[in-house]
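Colleague: Chains as they are written, first to last, in this note's numbering: chain A, 1 to 265; chain B, 1 to 265.
Check before you lean on any hint, since a few could be wrong.
Which copy is meant is left open, because identical chains are indistinguishable; a pair holds if it fits in one copy or across any two.
Claimed, not checked - Below, simulated DSSO-like cross-link-like pairs (lysine-lysine); rule was C-alpha separation at most 30 Å, straight line:
#: 1; residue 1: 128; residue 2: 62
#: 2; residue 1: 128; residue 2: 116
#: 3; residue 1: 128; residue 2: 165
#: 4; residue 1: 205; residue 2: 165
#: 5; residue 1: 28; residue 2: 205
It should be emphasised that the hints constitute simulated quantities derived from the structure, not laboratory data.
Number of protein chains: 2
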Amino acid sequence: MEVIFIKFGGSLITVKERPYTARPDVIKRLASEVRDALQERQGLRLVIGNGGGSYGHPGAAKYGTIDGFCDNTGRLGFCKVHDDAIRLNRLVVNELLNHGIPALGLPASAMFLTGKRELVYSSPESIKESLNQEIIPVVFGSPILDTHNGCTIYSADRVIGIIIKFLTHAGRYNITRMVSLGNYEGVLDSHGNIIPEITKTGLNKVEACIKGSDATDVTGGMLSKVTELLDIASMGTESFIANGMVPGNLYKLIMGDNIECTAIR
Amino acid sequence: MEVIFIKFGGSLITVKERPYTARPDVIKRLASEVRDALQERQGLRLVIGNGGGSYGHPGAAKYGTIDGFCDNTGRLGFCKVHDDAIRLNRLVVNELLNHGIPALGLPASAMFLTGKRELVYSSPESIKESLNQEIIPVVFGSPILDTHNGCTIYSADRVIGIIIKFLTHAGRYNITRMVSLGNYEGVLDSHGNIIPEITKTGLNKVEACIKGSDATDVTGGMLSKVTELLDIASMGTESFIANGMVPGNLYKLIMGDNIECTAIR
Numbered sequence: 001m002e003v004i005f006i007k008f009g010g011s012l013i014t015v016k017e018r019p020y021t022a023r024p025d026v027i028k029r030l031a032s033e034v035r036d037a038l039q040e041r042q043g044l045r046l047v048i049g050n051g052g053g054s055y056g057h058p059g060a061a062k063y064g065t066i067d068g069f070c071d072n073t074g075r076l077g078f079c080k081v082h083d084d085a086i087r088l089n090r091l092v093v094n095e096l097l098n099h100g101i102p103a104l105g106l107p108a109s110a111m112f113l114t115g116k117r118e119l120v121y122s123s124p125e126s127i128k129e130s131l132n133q134e135i136i137p138v139v140f141g142s143p144i145l146d147t148h149n150g151c152t153i154y155s156a157d158r159v160i161g162i163i164i165k166f167l168t169h170a171g172r173y174n175i176t177r178m179v180s181l182g183n184y185e186g187v188l189d190s191h192g193n194i195i196p197e198i199t200k201t202g203l204n205k206v207e208a209c210i211k212g213s214d215a216t217d218v219t220g221g222m223l224s225k226v227t228e229l230l231d232i233a234s235m236g237t238e239s240f241i242a243n244g245m246v247p248g249n250l251y252k253l254i255m256g257d258n259i260e261c262t263a264i265r
Numbered sequence: 001m002e003v004i005f006i007k008f009g010g011s012l013i014t015v016k017e018r019p020y021t022a023r024p025d026v027i028k029r030l031a032s033e034v035r036d037a038l039q040e041r042q043g044l045r046l047v048i049g050n051g052g053g054s055y056g057h058p059g060a061a062k063y064g065t066i067d068g069f070c071d072n073t074g075r076l077g078f079c080k081v082h083d084d085a086i087r088l089n090r091l092v093v094n095e096l097l098n099h100g101i102p103a104l105g106l107p108a109s110a111m112f113l114t115g116k117r118e119l120v121y122s123s124p125e126s127i128k129e130s131l132n133q134e135i136i137p138v139v140f141g142s143p144i145l146d147t148h149n150g151c152t153i154y155s156a157d158r159v160i161g162i163i164i165k166f167l168t169h170a171g172r173y174n175i176t177r178m179v180s181l182g183n184y185e186g187v188l189d190s191h192g193n194i195i196p197e198i199t200k201t202g203l204n205k206v207e208a209c210i211k212g213s214d215a216t217d218v219t220g221g222m223l224s225k226v227t228e229l230l231d232i233a234s235m236g237t238e239s240f241i242a243n244g245m246v247p248g249n250l251y252k253l254i255m256g257d258n259i260e261c262t263a264i265r
């Protein structure tokens, strides 16, 4: 069973500098490209993940949710940040449903537990069964419960990485690629040029010049993303960091075509 | 650790006869009663569940979701019914958050799988950890994936029953009562009088006269609810079916006071 993972970056589907501001037109176009590609590639399975963008990061920064229950507002803060994340996920799921795509929002908080930020319990059985039943699970960067600190936050990239690991070990899923879309053309060097390929052994050559994210991003920005995707590469799945603002890019990447972007292998 | 379960019935928080019509004023009042009771009873843990009411049943009836993917609209239908259920759950969670209550919506679809409608996989670890961390999980009647039929629907009562079973086996949770609220005064006999107590051995005496639900209810109405609650009683937890439309009833039942209603023991 061929599976492709798609990440809608927070910078793509929200205006990162403006709290709680989505880009409904972009979400709509992405949904239409998914629909068009699925019509061409019957039998292909997808897992979609969405970042939090300006829905996730402001609350998370306010309450320090990534570090646990930091003060007596921490519990309520965790729940509010979770609710914000679900709000954005519902916009994505709704637009997919509007395009006739059977999409199912599944929160990481119900499937994973951490202890001191390390994964201590995971139960992605519903992801696996969704794929078996030709349903498209839509996961997202989200606060999750932590047995030691009370809570933390896992980015969509981290959640996707865990699921890829699980499916890879399960055996019968052939994960051919991970498509990570943002409002940037790929990973840029200090001159603003796209780095065409990053590998684990080549990371040190480009590490110093990788630009960080330019808005609040509690889960770490571009370098952290590259690190997560190198982990995914080590499991045998190559990733493409590409510009989701360009119409057709998502469609082409699902179809297996090459476009100008950064490959992580 | 003392735990009380609370069910907000679909007939209470929605207008069952009018599709997708909530009762925001009622949800708000219920949240205020939960807040008031928690202020009095520090250390008490709650699990809240909400029924689907007029958000859940119309779509479920249209697509036949309880029986699986009935035709080629079944997959999309399953996802739409799931989305409808989450929409109502978010109204409940939001109102709890507005009242300063740390509430976390957790979909059964991410925690349970069935096969031919029987539970074949469950992972309520996030429910357990929520209670450990003094977070209130808010579950709901929901479509879930079925390994044989594609999907089915579990009512909020069924979901709550599974969680009570799990917590009872886990040992360290002392589940003192289950409060099930509707827009009715309890279980009524054929003369319209409240039946004060129903037990497993006494069920056959009242079974014939228990009135069914008067609106679309794909998960079975009152008799099905009583059966679920008798299952819960067999695990040692008594339930109270009471009128949530009467202000103060929820507060009193959380505080352990007696009101006129039906007890299931």
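Colleague: None of the hints should be skipped; say for each whether it holds.
Modeller: Results of checking the hints against the structure:
Proximity of residue 128 and residue 62 under a CA criterion of 30 Å is satisfied inter-copy only: 27 Å between copies versus 35 Å inside one chain copy. Both within a single protomer and between protomers do residue 128 and residue 116 lie at most 30 Å apart by alpha-carbon distance, with minima of 27 Å and 18 Å respectively. For the identical chains of this complex, residue 128 and residue 165 are neighbours both inside a copy (12 Å) and across copies (25 Å), given an alpha-carbon limit of 30 Å. In this assembly of identical chains, the alpha carbons of residue 205 and residue 165 lie at most 30 Å apart only when taken from the same copy (27 Å versus 55 Å across copies).
With identical chains, the CA atoms of residue 28 and residue 205 are never at most 30 Å apart, being 38 Å at best within one copy and 57 Å at best between copies.
Hint violations for this structure: number 5 only, all remaining hints satisfied.
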